[in-house]
Amino acid sequence: DAGITQSPRHKVTETGTPVTLRCHQTENHRYMYWYRQDPGHGLRLIHYSYGVKDTDKGEVSDGYSVSRSKTEDFLLTLESATSSQTSVYFCAISRDRVTEQYFGPGTRLTVT
Amino acid sequence: EDKVVQSPLSLVVHEGDTVTLNCSYEVTNFRSLLWYKQEKKAPTFLFMLTSSGIEKKSGRLSSILDKKELFSILNITATQTGDSAVYLCAVEAARIQGAQKLVFGQGTRLTINP
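Read top to bottom, the protein sequences are chains A and B.
Per our numbering, the very first residue in the first sequence carries number 1; after that it's consecutive.
Per our numbering, the very first residue in the second sequence carries number 1; after that it's consecutive.
Simulated from the structure, these hints should not be mistaken for laboratory data.
Since this is a predicted model, take the numbers as computed values, not measurements.
Warning: the hint list may mix true and false statements.
[To be verified] Capping the alpha-carbon separation at 30 Å, the derived lysine-lysine pairs in DSSO-like fashion look like this:
(1) A:LYS11 - B:LYS37
(2) B:LYS57 - B:LYS68
(3) B:LYS57 - B:LYS67
(4) B:LYS40 - A:LYS57
(5) B:LYS41 - B:LYS68
(6) B:LYS56 - B:LYS37
(7) B:LYS40 - B:LYS101
(8) A:LYS57 - B:LYS41
(9) B:LYS37 - B:LYS3
(10) A:LYS57 - B:LYS67
(11) A:LYS57 - A:LYS70
(12) B:LYS57 - B:LYS41
(13) A:LYS11 - B:LYS101
(14) B:LYS67 - A:LYS11
(15) A:LYS57 - B:LYS57
(16) B:LYS41 - A:LYS11
(17) B:LYS101 - A:LYS53
(18) A:LYS57 - B:LYS101
(19) B:LYS56 - B:LYS67
(20) B:LYS40 - B:LYS68
(21) A:LYS53 - B:LYS68
(22) B:LYS41 - B:LYS3
(23) B:LYS101 - A:LYS70
(24) B:LYS41 - B:LYS101
(25) A:LYS70 - B:LYS67
(26) B:LYS40 - B:LYS56
(27) A:LYS70 - A:LYS53
(28) B:LYS40 - A:LYS11
Okay, chain B solo, but in the shape it has when bound (with noise of 0.2 Å):
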């Protein structure tokens, strides 16, 4: 079965300091790992992953793929209240007919306190 393993599910951090957030994953297939940042809605898209060792960089949030580990990790540095949200990880484990089927992990709710 496949599975994806989000660590820890919950981080309280001060406001200015750097977290990484960890997803782990085991499926039989895998195409992309995708990260999401879910406040009071909508998940909204913030990267998605294919290759290994190359980190993709958006401001202050960057990530980075492991496929011979498993795991990516999400790093957010010089954190702010804003960024108070679940961030989702995702693993495109299979494609139907072009449709991509998305095996989602718990979340990880992060906290910054001012």
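Excised from the complex, chain A in its bound form (with noise of 0.2 Å):
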């Protein structure tokens, strides 16, 4: 298995409150990305990186926010979390170009 470690695994919150989810990888892929996982959706792209400090947006960016400062740790923020946002978060990272996606275990978050 691919080194992919996602925490916390599991948080509940209050609409309004900040929310950061880590990505941690010790494989030093240079790509990594946050997907979202809800029921009917399949996977959407939130935010994906290609270096340190380097990032962009996904299909479904608005109301997060991303950080890459090393190349082993990607993180997700949720600014203000809304309701609409309670889901499954994976974290996935790639070695190159044309090489397939690992996939972290993933963060269930709800907020109520």
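Please dock the two separately framed chains into a single complex, following the hints provided.
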């Protein structure tokens, strides 16, 4: 298994509070991704990174920001959580432009 | 808008049966198609397909891509209860600075009954 961890694994928070999810890899892979998974929608890309301090938006980026200050860490922040952001969040990594993505264990976030 | 559609959405079969899962796509700039298996946790990689007509095989699983008709199939022969999972199809629809932008289908939930 690729060395990817996510923290926390479960979180319950209230509407309006900030939340940060962490993805940590030990593979030294260049590319990192954040997805959310909701019933009926499959996995959707939120943000991705192609290097330290290099990030860009995916298809569902509104309400989310990211940061990557080290190769191994990619943080996803919900500045002010809303109930529509209740979801399972997956981090993924890939080594280069032609290899598959490997997924972390996921974080289940509930916004009440 | 790039789109990936999987069918059926749900399938229940008996152990030992053979199943075929379908994935069709409409993307502007196709690069590759990937299959993943998801049990109650993270998706795990099965296959990556880039060329038409070349079958990829791993044990009882195989997959093939048709870039002319814009679809792929995933076959599982002699199914076992451990094959029960959601099977996800994804298409690499763009590559930005080398990062792959994947578009996923909704998944097919496969249940194998003993």
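Now for the hints, and whether the structure bears them out:
1. At roughly 25 Å between alpha-carbon atoms, LYS11 (chain A) and LYS37 (chain B) fall within 30 Å of each other, so this suggested pair holds.
2. Note on LYS57 (chain B) and LYS68 (chain B): the hinted pairing holds, with a Cα-Cα distance of about 21 Å set against a maximum of 30 Å.
3. The straight-line distance between the Cα atoms of LYS57 (chain B) and LYS67 (chain B) is roughly 18 Å, inside the 30 Å bound, and the hint therefore holds.
4. Restraint check for LYS40 (chain B) and LYS57 (chain A): satisfied, since their Cα atoms lie roughly 28 Å apart, inside the 30 Å limit.
5. For the given pair, LYS41 (chain B) sits about 34 Å from LYS68 (chain B) by alpha-carbon distance, which is inconsistent with the 30 Å threshold.
6. For the hint pairing LYS56 (chain B) with LYS37 (chain B), the CA-to-CA distance comes to about 15 Å; that is within 30 Å, so the pair holds.
7. At roughly 24 Å between alpha-carbon atoms, LYS40 (chain B) and LYS101 (chain B) fall within 30 Å of each other, so this suggested pair holds.
8. Restraint check: the Cα-Cα separation between LYS57 (chain A) and LYS41 (chain B) comes to about 25 Å, which is no more than 30 Å; the hinted pair holds.
9. As the CA atoms of LYS37 (chain B) and LYS3 (chain B) are separated by approximately 20 Å, the hinted pair is consistent with the 30 Å bound.
10. Note on LYS57 (chain A) and LYS67 (chain B): the hinted pairing holds, with a Cα-Cα distance of about 28 Å set against a maximum of 30 Å.
11. The hinted pair formed by LYS57 (chain A) and LYS70 (chain A) meets the criterion: a straight-line CA distance of about 19 Å does not exceed 30 Å.
12. Between LYS57 (chain B) and LYS41 (chain B) the alpha-carbon distance is near 24 Å, which keeps this suggested pair within the 30 Å criterion.
13. In summary, the hint linking LYS11 (chain A) to LYS101 (chain B) is supported, as the alpha carbons are separated by about 27 Å, within the 30 Å threshold.
14. Straight-line distance between C-alpha atoms of LYS67 (chain B) and LYS11 (chain A) comes to about 42 Å, which puts the hinted pair past the 30 Å bound.
15. For the given pair, LYS57 (chain A) sits about 34 Å from LYS57 (chain B) by alpha-carbon distance, which is inconsistent with the 30 Å threshold.
16. For the given pair, LYS41 (chain B) sits about 16 Å from LYS11 (chain A) by alpha-carbon distance, which is consistent with the 30 Å threshold.
17. Of the supplied pair hints, the one linking LYS101 (chain B) and LYS53 (chain A) holds, its CA atoms being roughly 18 Å apart against a limit of 30 Å.
18. For a cut-off of 30 Å, the pair hint linking LYS57 (chain A) to LYS101 (chain B) stands: about 10 Å separates their Cα positions.
19. A hinted pair counts as satisfied when its Cα atoms are at most 30 Å apart, and LYS56 (chain B) with LYS67 (chain B) qualifies at roughly 15 Å.
20. Between LYS40 (chain B) and LYS68 (chain B), the direct Cα distance comes to roughly 34 Å. Violation of the 30 Å bound is thereby established for this hinted pair.
21. A threshold of 30 Å between alpha carbons decides the hint, and for LYS53 (chain A) with LYS68 (chain B) the separation of about 39 Å lies outside it, so the pair is violated.
22. For the suggested pair LYS41 (chain B) and LYS3 (chain B), the alpha carbons sit about 24 Å apart, so the restraint of at most 30 Å is met.
23. Proximity of LYS101 (chain B) to LYS70 (chain A) is assessed by CA-CA distance (about 22 Å); at most 30 Å being required, the pair is judged to hold.
24. With a C-alpha separation of about 22 Å, the suggested pairing of LYS41 (chain B) with LYS101 (chain B) holds against the 30 Å cut-off.
25. Restraint check: the Cα-Cα separation between LYS70 (chain A) and LYS67 (chain B) comes to about 39 Å, which exceeds 30 Å; the hinted pair is violated.
26. Taking the CA atoms of LYS40 (chain B) and LYS56 (chain B), the gap is about 25 Å. The hint holds against a cut of 30 Å.
27. Taking the CA atoms of LYS70 (chain A) and LYS53 (chain A), the gap is about 8 Å. The hint holds against a cut of 30 Å.
28. Annotation: proposed proximity of LYS40 (chain B) to LYS11 (chain A) holds, straight-line Cα distance about 18 Å (limit 30 Å).
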